[in-house]
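Please model the complete structure; the sequences and the hints are all you need to start from.
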Amino acid sequence: MVIKSSITSMFGSSPIRPLQQHMEKVHSCVKELIPFFEAIVAKDFELAAKTQKRISRLENEADKLKHSLRMHLPKSLFMPMPREHVLEVLTTQDQIANMSKDIAGVVTGRKMQLPEPIAELFLAFVARCVDASAQATIVVNELDELVETGFRGGEVSRVEKMIGKLHRVEHETDKLEQQVRHALFAIETDYPPVDVIFLYRIIDWVGEVADLSQRVGTRLQLMLAR
Amino acid sequence: MEYATVYIGLAIVFGLFMAWGIGANDVANAMGTSVGSKALTFKQAVVIAAVFELAGAILAGGEVTKTIRKGIIDVSSLSGTPDFLIWGMLASLLAAGIWLLVASRMGWPVSTTHSIVGAIVGFGAAGIGMDAVHWDKVGTIAMSWVTSPILAGIIAFALFKSIQNLIINTDNPVASAKKYVPFYIFLVGFIVAMVTMVKGLKHVGVKLPFDQSLAIAALVGAVIMVIGALMIRRLKFDPEADRDFHYANMEKVFGVLMIFTAMAMAFAHGSNDVANAIGPVAAVVGIAQSAGEIVVKSATPVWILLLGGVGIVIGLTTYGYKVIATVGSGITQLTPSRGFAATLAAATTVVLASSTGLPISTTHTLVGAVLGVGLARGIAALNMQVIKTIFMSWVVTLPAGALLSILFYFTLKGMFS
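So the sequence lines, in the order shown, correspond to chains A and B.
Those letters in the first sequence? Residues 3 to 228, per the numbering used here, in order.
Those letters in the second sequence? Residues 45 to 461, per the numbering used here, in order.
Since the hints were derived computationally from the structure, they do not count as laboratory data.
Not one of these hints is a red herring.
So the derived label-pair ranges between C-beta atoms look like this:
1. Val91/B x Gly155/A: 35 to 41 Å
2. Arg277/B x Glu63/A: 42 to 48 Å
3. Arg56/A x Arg277/B: 50 to 56 Å
4. Leu224/A x Lys432/B: 26 to 32 Å
5. Thr85/B x Leu224/A: 36 to 42 Å
6. Leu279/B x Glu162/A: 30 to 36 Å
All C-beta atoms in this analysis are idealised placements derived from N, C-alpha and C, irrespective of residue type, glycine included.
Quick look at the structure:
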């Protein structure tokens, strides 16, 4: 016998846990950029290729989570935050994973190498960008607490502090990006021009990972503002 | 009266059937939020439902029973033809009971209240005459179907806002919960006891002055507050549980509160919905026993209230427990704090309606209460299509109950005259 109660059917599936799971998956993908570039610096291209495959696989898994969440977010759902904001956060999170996949893909595809003089600074830059993604994950993980408190009180200021930290981390990555660019500029004539152009592009993309992470935080801030 | 014993026998059988249906299906909705929020185990829910449905039916079910029995149909115009009323009430019971069975089998949204009211209005208007129906009373009842979910929503919104301010959004939610939850427990006991004393108890022969009722209600509230406080003190908190979700321990305290709220809800449901089954029985028994005379002023015998309560418990234990399990496991995102706000709001609205004799839909009231918590940004995702099912229940159940009861009315009329 079918039991269809109005009470049961009125509870839709919450998008919060899936959104958090998606971000966790995205971050696990971004994190791989550190061992990836370490392998590049160490010229262990076999390991780099392996890591690139892992990044690509994780991005794929994040994509699947994204699709299933979108499927479970019908217009008739009434949520404590606008549906559009949830979808925007999801899209931004997804772009972080895409960016990481592209970075690893181009670097392995073009068999790129990192010039010795900028290697250390570049690795620090990557690590800080990964930190931004980690901080975004922490912020997204507060969403269930926000719903529990009804988006009010101490929890809101706690999340705002977390978002503040995310902004600071992103700001640091901006500075590091400048330094890496300067360092590369100083030595760029010693390397084939096409390689250098692509190096600039990779620096740009790695910075984008932090930018997008910050945007996840900004979108969440919009949810708090209502 | 020629067929007095037959009539009473049929009324008891049909009434039990209807009460069984209510216990099998409807109780699950009332208990669903409690089981769903994990505040009660499934077994506890069944026991609480059985005890408090029965108590609600006997202690506070009188007013609604009176409405169903003689508020909808103008019985005074039927003094010459008492059999009409008996056939009509029997037909209404059968119609509502069968419709409930068919509709819940098909998975359609149904309200026991809507089916019985539709059925009684149906036989009254078509079988006796348009003038026989108290349209003003029917209008009031229909209005209460709109206002009860709204009122429950407002109360739930306010309750949730109050626990937000007093407990959830404080520096130490667990300590605040320990401090304030006993007062909410008091509130649960006080409201239910007060409403019952003022309006319900006179049907079991007790009538107390207002100040005495107030004192007893406060006493009842205080007693369960102490029990609740002791239960809270015995709780064991695990700081580890708060690492992942910072409010896990606070919710444990609300879990205690939810147990009492669930009792209030079962009581409220018993006080309002049991009348759907026994109101017509009381009407039939009243006429048949007084040898065809339609006694306008007569209280509902306690054994009939008991009959309804027992019917509900049988429905609950033979079938309803399965439905409670299903409904409970279907609601996963309701934490005890929200479950409490929604359930107490609904229970309060329902007991208020019971005391004024208005038959309302417990389920719809609960839906309104949950929406109220949702509007306070307290629930992650609510499916707004539920509003559609409520309208469906109006549009489908009222005419279905009416048509079936007209059919049975003329069948009975043909058989007995």
